[in-house]
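Asks: What follows is each chain in one-letter form.
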Amino acid sequence: MAGQQPPSEPPKDDAPPPINSSGGWTAISYLIGGMLVWGGIGWLVDHYLLGTKGIAMGIGAVIGGAAGVYLIARRLGA
Amino acid sequence: MTGQTLTVLAADVPFPPSVEDFYLPSIVPWGGHADTWFTKITLMLWLSVAILIIFFMVAYRKPQLVPSKKQWLAESIYGFVRNNIAVDMIGKEGVRFAPYLATLFCFIFMMNLWGIIPFFQISPNSHIAFPIILALISWVLFIYLGFKKHGVGYLKIALVPPAPWFILPILVPIEFFSNFIVRPFSLAVRLFANMFAGHMLLLVFTLGGFAMINSNALLAPVSVLSWLMTIALTFLDFAIIALQAYVFTVLTASYIQGSLAEGH
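These protein sequence lines are chains A and B, in that order. Using the working numbering, the first residue of the first sequence is number -18, and each one after it goes up by one. Using the working numbering, the first residue of the second sequence is number 6, and each one after it goes up by one.
Think of the hints as simulated: they come from the structure by calculation, not from any bench. Please note that a few of the clues may not be correct.
[Unchecked claim] Facing chain A, a subset of chain B residues (Cβ under 10 Å, in silico):
(1) A168
(2) W170
(3) F171
(4) I172
(5) P178
(6) I179
(7) E180
(8) I186
(9) L238
(10) T239
[What the hints assert, rightly or not] Partner residues aside, some chain B positions facing chain A, computed with beta carbon under 8 Å:
(11) P169
(12) I175
(13) L176
(14) F182
(15) V187
(16) A225
[To be verified] From chain A, some residues computed to sit far from chain B (all C-beta separations above 12 Å):
(17) G21
(18) D27
(19) Y29
(20) L30
(21) L31
(22) K34
(23) G35
(24) I36
(25) G39
(26) L52
Each residue gets a CB set at the ideal place from its N, CA and C atoms; glycine is no exception.
Sequences are here, hints too, so could you generate the full structure?
Replies: Okay, here's the thing in C-alpha cells:
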C-alpha cells in the first residue's frame, strides 16, 4: 500500500492550452479575404469614383493579396 | 427477364440529375410540391433528434462501472469529443464546451448519415438552411464569448494584428472580413457542399447506369460498373460524412479558443 504511486501521467485537463491548430483555414481565409476585400473596394472605386474599367480593382487585389500574406506571417508565423 | 425488368424500371429515369432532385415531394400533404409543410427532410430532422436523445438516455440510464455496449459507445463518442476536440483545441477551459461540441458533432454526424442509409439516402444537410443555422449558432457563440471575456477589447484582439500603425488601415478590413464573415460562411458552405456533392455523385452513378442500359443493351456491362462505383462511392461518402462532422466541430472549437485566448 505504501508503495502506491499516483498516476505518472497528468490528467489531460491540466495540459497547457495548445496553439491554434487550424492555421490552414485561417491562412486561406486571409489570402482570399485580402484579395476580395481590397479588390472589392477597388471595384467600388472604379465603378463610382473614377469610372475606370478595372485598374483600381487590379491594384486593390494585388495590395490585398500582399496584405494577406503579411497577415499570415504576423498572425501565424513563429 | 432481368433486363426487361430493368428496362421497365428505367423507362422514365430522368438523367442527368438536377437540383430539383433535392426537393422531394412532401409527406403532409401527400405528394404536394407547393405546400411543403412536412417533407422527408423534416422527417429525417426529427428522427435525428429523437434517435440521439433516446440513444444517449438509454445508454446512460443505469451507468455501470463495467459499461454495457451502448454505454461504452456513448462514452467513447463523448470522451472523444471532450478529450480530442474540446480539451485539445481549447485547453483546460474546453471542458465546459464539451457538451455543446459533442451535441454538434453527434447531430451533424447523424444528419449527414441519412445520406447513405437505405431508403432515406439524402442528407438534410444538403439543403443549405441546416448548415447555415448551425454555423450561425457557432458564430454567435464565439463572438459572445469574446465580448464576455474581453469586453470591448475583444474587437482589438480580433481586428488589430501586431503590425506598424501605417499598415493597419489595410489589414483591419481583411481581419474583419476573415474573422466575422468568412468564418460562418465557410462553415456553412463546406458542410453543405460536401453533402450536396455526395448526393449528386450517387445520383449520377445510379441514374447513369439506368440511362446507359436504357439507351443501348451493349452498354449493360458499363452500367453494372457504374452501379459498382455507386457502392464504392457510398463508402467514400461515409468517410466524408464522419470527416465533415469532425471538421465542423474542430473549427468551432478553434474559433472558441480564439475568442478565449489572451491578446497577442
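Asks: Determine for every hint whether it applies to the structure shown.
Replies: Hints, one by one, checked against the model:
Taking 10 Å as the C-beta cut-off, the interface hint given for A168/B holds, the closest approach to chain A being about 6 Å. Proximity of W170/B to chain A is violated relative to the hint, the smallest CB-CB distance being about 14 Å (cut-off 10 Å). For F171/B, the interface hint is violated, since its Cβ never comes within 10 Å of a Cβ in chain A; the closest pair sits about 12 Å apart. The closest approach between the C-beta of I172/B and any C-beta of chain A is roughly 7 Å, which is under the 10 Å cut-off, so the hint is satisfied.
Of the supplied interface hints, the one on P178/B holds, with its beta-carbon coming within about 5 Å of a beta-carbon of chain A, less than 10 Å. Because the closest C-beta pair between I179/B and chain A is about 5 Å apart, less than 10 Å, the hint holds. For E180/B, the suggested interface contact is upheld, since its CB lies about 7 Å from the closest CB of chain A, less than 10 Å. Against a cut-off of 10 Å between C-beta atoms, the interface hint on I186/B holds, since the closest Cβ of chain A lies about 8 Å away.
Here the hint on L238/B is broken, as its CB sits about 26 Å from the closest CB of chain A, past 10 Å. This hint is violated: T239/B has a C-beta 28 Å from the nearest C-beta of chain A, more than the 10 Å allowed. For P169/B, the interface hint is violated, since its Cβ never comes within 8 Å of a Cβ in chain A; the closest pair sits about 10 Å apart. Of the supplied interface hints, the one on I175/B holds, with its beta-carbon coming within about 5 Å of a beta-carbon of chain A, less than 8 Å.
At about 6 Å, the closest approach between the beta carbon of L176/B and any beta carbon in chain A falls short of 8 Å, and the interface hint on this residue holds. A distance limit of 8 Å between C-beta atoms decides the matter here; for F182/B the minimum to chain A is near 4 Å, and the interface restraint holds. The beta carbon of V187/B comes within 4 Å of a beta carbon in chain A, closer than 8 Å, and the hint placing it at the interface holds. Of the supplied interface hints, the one on A225/B is violated, with its beta-carbon coming no nearer than about 45 Å to a beta-carbon of chain A, more than 8 Å.
The claim that G21/A lies off the interface is violated: its Cβ sits roughly 9 Å from the closest Cβ of chain B, which falls inside the 12 Å cut-off. Non-interface status of D27/A relative to chain B is upheld: no Cβ of that chain comes within 12 Å, the nearest being about 17 Å off. For Y29/A, the shortest C-beta to C-beta distance to chain B comes to about 18 Å, beyond the 12 Å cut-off, and the non-interface label holds. For L30/A, the requirement that its beta carbon stay farther than 12 Å from each beta carbon of chain B is met, with the minimum near 17 Å.
Here L31/A stays apart from chain B, with its beta-carbon at least about 19 Å from theirs, past the 12 Å limit. Listed as outside the interface, K34/A is consistent with that label: its C-beta sits roughly 24 Å from the nearest C-beta of chain B, beyond the 12 Å cut-off. At roughly 20 Å, the least C-beta separation between G35/A and chain B is larger than 12 Å, which holds for a residue marked as non-interface. In this structure I36/A is separated from chain B by more than 12 Å, as the shortest Cβ-Cβ distance comes to about 18 Å.
A cut-off of 12 Å between C-beta atoms confirms that G39/A is not in contact with chain B; the least separation is 16 Å. For L52/A, the shortest C-beta to C-beta distance to chain B comes to about 6 Å, within the 12 Å cut-off, and the non-interface label is violated.
Hint compliance for this structure: hints 2, 3, 9, 10, 11, 16, 17 and 26 are not met, and every other hint is.
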